Each structure stands twice: as C-alpha cells, then as structure tokens.
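Participant: Please build the complex by placing chain B on the supplied structure of chain A, with the hints as guidance.
Here the protein sequences come in this chain order: A and B. End of the first sequence sits at 389 in numbering that gives the first Met the number 0; the numbers just go up one at a time, nothing left out. End of the second sequence sits at 249 in numbering that gives the first Met the number 0; the numbers just go up one at a time, nothing left out.
It is worth saying that the hints were derived from the structure and are not from the lab. Source: prediction; values computed, not measured.
Okay, the calculated bits of chain A under chain B, using three or more residues with CB under 8 Å as the criterion:
{"#": "1", "segment": "38–50"}
{"#": "2", "segment": "256–264"}
If you anchor each label on the Cβ, the simulated ranges turn out as follows:
{"#": "3", "chain 1": "B", "residue 1": "H129", "chain 2": "A", "residue 2": "I246", "range": "30 to 38 Å"}
{"#": "4", "chain 1": "A", "residue 1": "S82", "chain 2": "B", "residue 2": "E87", "range": "54 to 62 Å"}
{"#": "5", "chain 1": "B", "residue 1": "L193", "chain 2": "A", "residue 2": "D163", "range": "57 to 65 Å"}
{"#": "6", "chain 1": "B", "residue 1": "V224", "chain 2": "A", "residue 2": "K333", "range": "54 to 62 Å"}
{"#": "7", "chain 1": "A", "residue 1": "K268", "chain 2": "B", "residue 2": "T157", "range": "42 to 50 Å"}
Beta carbons are placed, not taken as given, at the ideal position from N, Cα and C, and that holds for glycine.
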Amino acid sequence: MKHIKAFTKIKNQKSKLLLTFAFCILIFSFASCMPGGTQAAQGWAGIALHDDVLYTGSIDGKVIAVNATARELEWSYAISMPSTGMSCSQTSRPTPIYGTPAVFQDLCYVAAYSGRVYALNIITGRERWVYPKEGYMGAIVASPVVAGDTIYVSSSDGKVHALDATYGELKWSSEPLGEKLWITPAIEGDTIYVSTFEGYIYSLSTKDLSLLPWTFKANVGFVSSPVIYQDTIFVGAFDNNLYAIKIGESEPIWRFCGGEWFWATPVVKDGIVYAGCLDGKIYAINAKTGDLEWEFDTGSPIVSSPVWDGDLLIVASESGDIYVFDTHSEPENKVMMPAKTVPIDALIRGSLCVQDSTIYVRAQDNCLYALDIEKGWISWRLPLNTKGES
Amino acid sequence: MAELWNLIILDPMLNILIALSDPLFHSFGLAIISLTVVVRLILFPLTSRQTKSTKAMQEMQPKMQELQKKYGKNKEKLQQEMMKLYKEARISPLGCMWPMLIQFPVWIALYQSIMRALATTPENLLNLAHHLYSWSVVSQAIPVSSHFLWLDLGRPDTTLLLAIIVGATMWVQQKMTTAPTLDPKQQSMNSMMLLMMPLMFALFTLTFPSGLALFWAVSNIIGIVIQYKTMGWGYLRIRPASQPTKKIKT
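Looking at chain A on its own, in the form it has when it is part of the complex (with noise of 0.2 Å):
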C-alpha cells in the first residue's frame, strides 16, 4: 500500500512537471505563432534560363532543373545545412536559396543560405565544386555574379568573394565592408559597386577586390542592390528614398520617395527608371531628374524585380498578380495601367524570367508557373517537390 501511495506520489509530481514544461512549450509557440510571430527562412529563388532549361532552386533546398518545353525535371540537387536547435546529434534541414542561379557555359552557380556556392553540371546536375570545402562563409541571400572566369558572391561575413570559375577556388576575399552583405553586386568595367546596410557604396576592383578611392556615404543604411546606368547607381534606401548616385560624386543627383522600402532591384531602359516599391506602386522615374513620369498601384508590395520582354515591363506583386505594362502606351494623369494581368494565386518574391512571351515563376507555394503573355494565362504549373535526388 505503501508503495503504490508513493509511486503515486511520484506520478502526480511528475505529471505536475511535465504540465509546467507544456506550459512553458504553450507559451513560446503561442509568441511565435499570433500575430507578429518571426518567419523562419525559406528562400526565394529566382529562374535562369539556359538552352530552354530553367533552373532555380526550390524551397525544399534543392537545385532544380525543369525542361520548359517538354516541362519535365531534368534533374535534382539537394543542398542541406545543419540545423540548430537542442538535438545532441548534428543534424541537418534542407537550406533556402534566395538568389538566381548563374549559368555560364556547362556550369550552374547557386549561392546557398548556408553560406556555400555550388557549380553543378548543367547537364547531369552532378558537383562539378562546392566552396568552401569545410564549413560555411556567412549566409548567401544574394545572387552569384559571373564575370569571366570569376564568380563573384556578396555574403553575410560582411566580405565580398572571388571564385574561381572553373575550379571554385577562392581567388580574393574584400575587407569586411559591413555587419551583413545581403545585395548582389553591379560590375560595371572593371570595378564592382557594392551597397551595404550601413549606407555605403564601395568600389572595388575586379582584379583582386581591393578597395577603390570613390565611396559614398548616406544617412541611411541601403536596402536593395545597386543598379548602373550611364555613370550613376540606382539604389533603395532604409528611409523610403531611391537614391541616384553619380559614380565619383559625394552627394545624390536626386532621391525619390516612396511609400515604403524599394526592396527590389530597379531596371533601367531608355532613360527611366523603373522602381518596385513595397508600398504596392511600380514607379516610372525619370533617371536624370527624378521626375515621376507615371506609377501605377498593385495593392500588394513588390518584393521581386521588374524584368522586360521587348517593350513590355513585367512587374510581379507579392500577392500572385502579373502585371505587363506598354511602355509605350500613354500614362493618364500619370497613373499607367497595365495591358494585362496574369493572377497565380500564390505568393511571388523571387525574380521573374521571360523568353519567348513566356514569363516564368517559382512561387513560395514550391511551384513553377509558366505563363503567356498574349493569351493571359498560365501555360503550365509543375510543382518543384520532388522525392530525393537524381
């Protein structure tokens, strides 16, 4: 009797334990659950297309391969990182890719979120290299560059990275140029121009990354990557602005505000500038001036970046709506709208690709959209989890 009042005893105290522990565990997932909960990383990878091949990355961390005109899966690459959490073990979770791969002659560049680039056959997806070899550079959220027979990378150390091309060896590190490099180089001749959070832009040489005399210093950190045309960067700031900077001047030509960040990265063609704003607008700016020549209201933030068909601007709200604008067409009271509008019903943050009046999109619902620009539809949807790696 005696024994089972004591085993009792013990259960009761456990059981009031294990309730304490739920409690604790109820808590911490009702913070991070309810509303204003964090967003764990899942990537947003844009497209490349190469010889009728589209490669992007899926958010299941694998490289992906997909025929567009037979719309089948070439091949796999997963790509995994170790995960952090309380396991004893080393485990490892799938690892999101934020940037468009690069394609240069039979290789596909992917800088990874877990701090590695790959170049992969584009062929048979096989690792033709990894860097590094042994452990990881800082997160990768930007796009590889290729120039050359170099491969450069912006990464989280706060370094920019030179890679051999062909062999993927480190050919130069830059000085650490702030706390986290999340932007995607511009290269413009022989220099590369990098924005940083802390509101620099640096100039570096290709040869061997060395720090240039031109820097330019804001009041503000910047947000997007920094875009060239004709001697002056295009950039988004944290104060809402789009800077155009002259390169070798130490003060803004103009600035223009918007509603909120612009995040994406702005394209240039023809003397405007057209900036996707996360307010919702896609802006038409005039790059000497910056004079509003016309905007128009998606209602959703434009996370992605516009990309051109010809004259046609496509630009992608984060809600799932294509937009295709005329450039030609005339704007009323400055307010443009679109030719046409293609729905996906899924969300959209990562670049667009367009060939042949097609514009394709990996969408954060793990799906590849192939959509048609004359007829306003979506040609073929194939879905981007595939079962292990071929």
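Facilitator: Positioned in the frame of chain A, the structure of chain B alone reads:
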C-alpha cells in the same frame, strides 16, 4: 485581430525599441536593456501587487491546510470556509493572477519586438518594413546591429555564460518567493520546480537568439531588485521546512 494587435501593442513597442538604439550608440543590446527596464517600471504597480498577493497567499497556507484537514470530505463547506478566510485576510484568490494576465501581452509583444527588430532572416527584414513608422530616427537605426558585448543577438550564445546568468537569476528570483512548507510532498514539488524552471530557461537560452535571452536575464535581475525592495531577500535565506511559514521575517 492581428491588425489590432500590431497597431496597438506590437508596432509602437517595436518602433520605440529600434528608435532607442539610435541614441544608445547604435547598440541594440542597450536598447533591449533600456526598454526592459522601462516596461518593468511601468508594470511595477502590477508586479508589486502580484508579489504582495502571492506572499499573503503563501502565509495563509498553514491555515488552509488546517481547513483541508478539518473539512476535507465536505468540499462545499471547505469552499465556504476558504472564501471566508480570504475575505477576512482581504485577499482575492485571483488577486495574484490578473496582474500577471495583464503583463502577459506586454511580455509577448516585447518578445516579438526583439525577434522582429533583429530580422535574422530576409523574410523577417522584409516583413519589418510594413511595421516601421516613417520616423527618421527609426530609418537611421535600421537594420539594428546584432553585436553586443560577446553576443550576436540574432543567434544563440555559444558560450554557456548567458545560459548560466539566465538560470541563476531565475533561480534567485524564484527562491525569494517560494515559501518553505511543512508538507513534505509540497516541499519536494517546490524544490523540483525551483530547479526545473531555471534549468529549462537555461536550455532555451542555448537555443533561442541571445537578444531574447538578454531580455530574460535583465528582466530577472529587475525582478530580483523589485522583490528585494518590496519584501527583502524573502525566502532566499530560509532553509526549507525548518520553520513554520508564519515566522518568516520579511
């Protein structure tokens, strides 16, 4: 519901937290400490009331146990006598609950503000844009620097130091308020709880971003100071079950 939560509680706290880091040498660690101090000071009347109610409830435990022995079988009578006892002592059984309930959303908002402001992933930075006021002091402070002392506030502390601080301060704070009891079953339970909670939070510290653990540590230290001011070192000096709870000097 979500918009209301963001509008009334989360967004103001988030923007104040970010704005604070600008004059504080662009140190987000100092901003977390300052806001934790401010929030605890604002909530001081509630915390103090809760501490006093808890203390009063604990002091009534011997009488309650007597009642339980006396009317254990007659639950209705037991309830009536217990309510009578509360009334005589001018204590509401919910008195120590509702100040805690009021504080609860504030702590959750503070937790969320820290996590959101740190924007450790691109998704979080993107989401942050929709919650910022167009104050120049906020835009100049973005993105917040995650380095503070030896810590990367967006990542768990790899040294054990912060986990030890969080665990130790939580143990001290709990020990100050946990009354010893003559009931061995209850005493054993209290001892287990006294160890379990600090241990659990020390483990959480090894998993959660250290910015959050910094908030726990500062919050615990302020809690200790508040309790010291309201009831001295409390039960920190008392050996468990050596004396009846009534005789405890506060």
